[in-house]
Amino acid sequence: MSSHDNAPVDPNTVELWDYEDHGHDFIGTRTLGFWLYMMSDAMIFAALFAAHGVYVRNFAGSFTSQEVVHPMNAIWPTVFILSSVMTYGLGMVALKKGNKSGVVNALILSFLLGVGFLLMEWREFSELAAMGAIPQMSGFLSDFWTIVIAHAAHVLFGLIWMAVMIVQVAVNGFDQNNVYRLLNLKIFWHFQAVIWVSIFTFVYLFGAI
Amino acid sequence: MLVDLQGPWNPIFGRLGLLLEVHYNNPIIFFAFMMVVIGGTAALSWVTFTGRWGWLWREWLTTVDHKKLGIMYILVGLVMMLRGFVDALMMRTQQAMAVGPDSPGVLGAAHGYLPPYHFDQVFTAHGMIMILLAATPILVGFMNLIMPIQIGARDMAYPYLNALGLWLTVAAASLVMIALFVGDFSHAGWVGLTPLTELPYSPGVGVDYYLWSIQIGSIGTTIGAVNLIATIIKMRAPGMTWGRLPIFTWTTLASNIIALTSFPVLGVALALLTLDRYIGTHFFTADLGGNLMMYTNLFWIWGHPEVYFVVIPAFGFLSEIIPTFSEKPLFGYVTMVLASMAIAGVSWTVWLHHFFTMGASPGVNSYFSIATMLVGIPTGVKVFNWAFTMWRGKLRFPTPMLWAIGSLFLLITGGMTGMMLAVPAINYLVHNSVFVIAHFHNMFLLIVYAAFGATVYWWPKVFGFKLDEYWGKVFFWLFTAGTLFVFVPMYTLGFMGMTRRLDYIPHTSWEPLLLLEVIGTGFYLLSILAFVIQLGVSIYNREKNRVVASDAWGTSRSVEWMTHTPPPFYNFAVTPVIHARDEWAWRREHGLTNLMPEKFLDIHMPKNTAVPLIISFFTLVCGFALVWRIWWLAAATFAAIIIAMIIRSFDKDTDYIIPAAEVERMEKEIVARAEGRIPAGEPAPVGGGAGGAYASKRTPTQRRDND
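Each protein sequence line maps, in turn, to chains B and R. Going by the numbering used here, the letters in the first sequence line up with residues 1 to 209, in that order. Going by the numbering used here, the letters in the second sequence line up with residues 210 to 916, in that order.
Heads up, a few of these hints could be off.
Unchecked claim - A few chain B residues facing chain R, derived, Cβ under 7 Å:
1) I27
2) T29
3) L32
4) L36
5) M39
6) G53
7) F140
8) S142
9) V164
10) I166
Stated by the list, open to error - Computed list of lysine-lysine pairs in DSS-like fashion (alpha-carbon distance at most 25 Å, straight line):
11) K877/R to K816/R
12) K100/B to K443/R
13) K877/R to K186/B
It should be emphasised that the hints constitute simulated quantities derived from the structure, not laboratory data. We put the CB at the ideal spot given by N, CA and C, even for glycine.
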């Protein structure tokens with residue numbers, strides 16, 4: 001920069017235009033954008049966890065967290081969602097090898113495990129509703145339902161995405177678009193797992209003591 | 210449904226039955242409605258009778274060109290600014306009329322002409338519109354328009370998302386405008402004070418309009434932030450190192466880092482309030498474990514960074530305008546970059562100064578007080594840098610420079626009063642007084658000044674002709690008179706103890722100052738007239754004021770002045786190689802101003818798409834349905850959004866190549882036109898460059914067939 005400013009310049013040799021069209025790194029650009037989006041999504045959960053810190057003891061005479069939160073019940077969904085991430089990871093290994101059926105199978109397995117997670121959450125919250133621990137009862141219950149369901153919504157969205165990707169890969173194979181989408185979904189799927197681990201720790205484990 | 214609602218609800222029409230209670234015979238609502246109907250009809254018939262529907266669709270509605278999207282962002286911002294200004298006019302006149310117990314009342318108001326509930330909606334709409342739907346779109350528009358050219362890129366990193374961001378902003382603005390006539394708007398202040406915004410205290414749809422329009426708009430802004438940051442990181446021309454990035458691009462980066470991290474928090478605050486209102490949770494209620502200050506905290510954790518989100522790009526404008534008209538490089542480039550980033554960082558640590566009176570401990574208040582005062586350091590650095598840039602410069606004072614210098618004065622006064630407000634002891638006295646209002650309007654006006662400066666400064670680059678200087682100066686001085694007459698009395702009234710949001714003024718001794726403020730709004734009104742005349746005169750005389758050189762001001766410094774005026778849709782025929790911090794100034798000094806490359810290459814460009822428009826239309830309908838609790842429609846449109854996204858994901862036909870020979874032909878035509886070898890009246894060139902301001906005859910959609 002500044003070293004150039006006063007240096008003599010030969011107008012005949014200076015390169016003003018870039019004649020080697022480098023194009024740009026398509027997949028890298030798409031993945032960077034997704035990382036940025038993940039940053040904003042992380043802020044959503046940062047705000048929700050901050051809110052959790054405020055509402056964690058606001059039982060308002062209704063159910064306490066010990067009555068509502070059962071970490072042992074949350075173990076099974078945890079196993080399912082982390083296995084789903086692992087099978088997705090195996091799919092990424094298959095992607096590296098260019099193994100189309102490997103990717104599709106891993107995605108299907110991962111999808112089913114994710115559905116299993118959601119079904120178990122559904123059961124947990126149906127039981128809570130049956131015993132009357134609904135979000136309208138207290139600030140704590142509002143917060144508990146919201147933070148867990150916010151994560152579940154991410155899982156649901158990820159599952160829709162995964163279903164679309166299964167079709168996409170089966171139909172279009174590994175074109176540039178599908179590769180970056182698989183990579184982004186990998187980021188997203190790991191992200192929701194990290195959020196789940198935080199929920200398990202801060203909401204379930206801390207809530208039980 | 211879900212919660213007990215006051216008033217009618219049925220499964221098909223939701224709460225639309227409430228509309229029967231709206232007073233359409235109120236002359237104010239009627240007048241506004243007629244204005245929109247007449248304006249809308251005039252615009253639509255103009256488009257129809259001049260046969261421009263196809264043009265509108267191809268060139269604007271489905272475009273992914275960052276320049277056109279930027280122009281549309283700014284247009285939306287200007288329209289909403291006008292709406293916000295009318296709100297301001299109503300507030301000023303109401304307060305001037307409703308002084309003392311003897312003041313008369315008309316139209317159902319005890320004093321003045323606006324009943325309290327209506328007045329409250331007016332100030333809520335004013336605040337929310339001016340910040341989220343006027344300032345934000347105008348600034349994002351400039352970032353869109355200028356930043357990619359400044360870094361030597363052809364387009365944004367994600368052109369499709371860029372269009373989506375714009376149309377979501379339009380959807381948000383439309384929802385607010387619909388609220389004007391279909392139902393009512395929030396009456397709880399633009400900050401959405403809890404628990405006033407809770408359903409029992411605001412049973413109507415006003416707060417719901419407020420919630421959903423902000424929610425939609427903030428999704429648009431977040432998408433825009435992702436795009437702008439990725440563009441700066443990934444799309445820079447060769448040689449454009451971080452140390453050579455123009456300051457406006459740096460400020461774009463700083464402010465979008467703020468947007469990316471703060472808008473989600475606003476989304477959470479509003480979503481939790483929405484849950485309270487829609488399913489009866491207890492986040493911000495006063496009972497059953499709710500915590501209403503939690504809303505205020507979350508809101509300002511977004512709100513304060515948002516303030517810097519809008520001010521930092523304005524600093525970027527000043528940093529581009531002042532060196533150009535001082536004919537000197539910007540003083541202290543590195544400190545300018547560090548100051549922008551420092552302001553962005555500190556913006557996250559000061560939110561509590563908006564409510565020192567919450568009653569946090571002295572330790573907490575002291576911390577936030579000191580953090581707030583820290584902001585003065587980087588801002589001061591910037592002021593000194595601009596001053597030193599002008600020092601011994603070859604100063605010229607065309608309108609952009611006048612706006613820039615006006616902006617500096619406002620920054621200094623607003624900054625000083627900001628430092629006063631940062632002291633909790635003072636803040637306790639003037640909390641929620643109009644002193645605070647005068648302070649933050651002072652700060653927002655500096656943004657408005659910088660934005661008007663930027664408009665005049667970049668206008669010739671974008672449209673190919675300069676704006677009229679005479680009317681520009683009339684506009685500037687009238688606007689400045691307005692600023693002085695409105696806000697000096699307002700500071701004074703604040704010290705006299707006048708609180709904000711008063712629909713009735715008990716002290717008759719305040720009347721003279723309130724009347725002065727009305728005179729000020731009169732100046733503002735005249736200044737808007739001058740602006741419209743300026744635009745009209747400039748467009749009428751556009752051939753006379755035509756700019757053909759790439760550098761409209763002769764002394765510009767950065768890369769956006771290194772392409773044709775106006776830029777063709779591909780920005781640069783061949784990507785430039787960057788050698789210096791002020792590349793264009795460097796090339797000018799070395800006599801390298803020839804824009805014609807030696808050879809041409811194929812150009813890879815994105816194709817137009819209607820999907821963002823469709824998604825945003827569904828989002829608007831979804832928002833409307835949620836406001837009125839028409840669940841089936843909300844569910845259907847939400848599903849439609851998801852399906853549209855999935856269908857789009859199967860579309861592989863999203864790009865095209867312009868062959869090198871075609872680029873060469875367009876470039877030669879642009880140059881021929883610039884040299885006057887093609888008469889100015891000829892139809893727009895194939896390159897979309899000079900003459901037609903982007904209205905290229907050959908558009909990307911048409912080229913679908915032969916690429």
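Now the hints, each set against the structure:
Because the beta carbon of I27/B sits about 11 Å from the nearest beta carbon in chain R, more than 7 Å, this interface hint is broken. A least Cβ separation of about 5 Å between T29/B and chain R falls short of the 7 Å threshold, and the interface hint therefore holds. Taking 7 Å as the C-beta contact cut-off toward chain R, the hint placing L32/B at the interface holds, the least distance being around 5 Å. For L36/B, the shortest C-beta to C-beta distance to chain R is roughly 4 Å, which falls under 7 Å, so the interface hint holds.
Taking 7 Å as the C-beta contact cut-off toward chain R, the hint placing M39/B at the interface holds, the least distance being around 6 Å. Taking 7 Å as the C-beta contact cut-off toward chain R, the hint placing G53/B at the interface is violated, the least distance being around 10 Å. With a least beta-carbon distance of about 6 Å to chain R, the hint placing F140/B at the interface is held under the 7 Å criterion. A cut of 7 Å between beta carbons decides the hint on S142/B: the least distance to chain R is about 4 Å, and the hint holds.
With a least beta-carbon distance of about 5 Å to chain R, the hint placing V164/B at the interface is held under the 7 Å criterion. With a least beta-carbon distance of about 12 Å to chain R, the hint placing I166/B at the interface is violated under the 7 Å criterion. Distance check on the hinted pair: K877/R and K816/R sit about 23 Å apart at the alpha-carbon level, within 25 Å; holds. In summary, the hint linking K100/B to K443/R is not supported, as the alpha carbons are separated by about 30 Å, beyond the 25 Å threshold.
Note on K877/R and K186/B: the hinted pairing is violated, with a Cα-Cα distance of about 47 Å set against a maximum of 25 Å.
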